[in-house]
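Q: One-letter residues, chain by chain:
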Amino acid sequence: GAVVSQHPSWVICKSGTSVKIECRSLDFQATTMFWYRQFPKQSLMLMATSNEGSKATYEQGVEKDKFLINHASLTLSTLTVTSAHPEDSSFYICSATEPRLNQPQHFGDGTRLSIL
Amino acid sequence: QQQVKQSPQSLIVQKGGISIINCAYENTAFDYFPWYQQFPGKGPALLIAIRPDVSEKKEGRFTISFNKSAKQFSLHIMDSQPGDSATYFCAASMGTGRRALTFGSGTRLQVQP
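Chains as they are written, first to last, in this note's numbering: chain A, 1 to 116; chain B, 1001 to 1113.
Any given hint could be a false lead.
To be verified - Restricting the straight-line Cα-Cα distance to at most 35 Å, the calculated cross-link-like pairs of lysine-lysine (DSBU-like) are:
#1 B:Lys1005 to A:Lys55
#2 B:Lys1057 to B:Lys1042
#3 B:Lys1042 to A:Lys55
Claimed, not checked - Some chain A residues flagged as far from chain B (calculated, every beta-carbon gap over 10 Å):
#4 Val4
#5 Cys13
#6 Gly16
#7 Thr17
#8 Arg24
#9 Lys41
#10 Leu44
#11 Phe67
#12 Leu68
#13 Thr78
#14 Pro86
#15 Ser89
#16 Asp109
#17 Arg112
Note that these hints are calculated values from the structure, not bench results.
For each residue, glycine too, the CB sits at the ideal point set by N, CA and C.
Full structure from sequences and hints, please.
A: Encoded structure:
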């Protein structure tokens, strides 16, 4: 089945640094990928929709200068948390879908980001 | 505005019992309703999904019941096992794939041996 890989799975860094998270579709090309954020014991909240070759679409309340998304190829989208602060600590999850009709979204295993 | 409401928040079921999780939606434009299972530290995994043109879909021990007029759908897990202990999320979207999912708040299921 379709596989989505995220890297890294866990990152700890100091406040003020920038962190890049990669999301790859391993066996299919994904023109659209999604980035979600999940706080402990809460649901997934959509942050942005990443479209290959164009600018990402951000949800209301998500700072696009804070969360930079790049979807430069059909198999890779990246999320960069710039100048991260402790309140940015969360579980970040990406998803992608195969280009064929009526295909479900497949999720990566998430990246746990801890900002000290 | 929460567009998909999920209940209960947590559920404890004995091994072999039936687990039932309910969701209700507001947006009548939704036409795809998946259920996801999530284990701690992992991403959600698709369990089963349904479209509003059918009232029920069964895959193994998992069944979705769908009531279009009431704008409600539910997940039934038959013969619940300890390995089913996880958090379950209902979701909805307008079409599969390229449309983002709106998730319910999640249900933490614990199946006691």
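Q: With reference to the structure, classify each hint as holding or not holding.
A: To see whether the hints hold, each was checked on the structure:
Between lysine 1005 (chain B) and lysine 55 (chain A), the direct Cα distance comes to roughly 31 Å. Compliance with the 35 Å bound is thereby established for this hinted pair. Of the pairs offered as hints, the one joining lysine 1057 (chain B) and lysine 1042 (chain B) holds, with about 26 Å between alpha carbons and a cut-off of 35 Å not exceeded. Distance check on the hinted pair: lysine 1042 (chain B) and lysine 55 (chain A) sit about 28 Å apart at the alpha-carbon level, within 35 Å; holds. At the 10 Å boundary, the C-beta of valine 4 (chain A) falls inside the reach of chain B, the nearest C-beta of that chain being 8 Å off.
Even its closest Cβ contact with chain B, about 19 Å, leaves cysteine 13 (chain A) beyond 10 Å, as expected for a residue assigned away from the interface. Listed as a non-interface residue, glycine 16 (chain A) keeps its Cβ farther than 10 Å from every Cβ of chain B; the least gap is roughly 26 Å. Listed as outside the interface, threonine 17 (chain A) is consistent with that label: its C-beta sits roughly 23 Å from the nearest C-beta of chain B, beyond the 10 Å cut-off. The Cβ of arginine 24 (chain A) lies farther than 10 Å from every Cβ of chain B, with a closest approach of about 13 Å, so its non-interface assignment holds.
The claim that lysine 41 (chain A) is not at the interface with chain B is violated, since a C-beta of that chain comes within 10 Å of its own (minimum 8 Å). With a least CB separation of 5 Å from chain B, leucine 44 (chain A) falls inside the 10 Å interface cut-off, contrary to its annotation. Under the 10 Å C-beta cut-off, the non-interface status given to phenylalanine 67 (chain A) relative to chain B holds; the minimum distance is some 15 Å. Residue placement check: leucine 68 (chain A) keeps its beta carbon more than 10 Å from all beta carbons of chain B (closest about 19 Å).
With a closest Cβ-Cβ approach of about 17 Å to chain B, threonine 78 (chain A) is found to remain outside the 10 Å limit, as its non-interface label requires. Residue-level check passed: proline 86 (chain A) sits 20 Å from the nearest beta carbon of chain B, beyond 10 Å. At roughly 15 Å, the least C-beta separation between serine 89 (chain A) and chain B is larger than 10 Å, which holds for a residue marked as non-interface. Here aspartate 109 (chain A) does not stay apart from chain B, with its beta-carbon only about 5 Å from theirs, under the 10 Å limit.
Not every CB of chain B lies more than 10 Å from the CB of arginine 112 (chain A), the least distance being 7 Å, so the non-interface label is violated.
Of the hints listed earlier, those the structure fails to meet are numbers 4, 9, 10, 16 and 17, in rising order.
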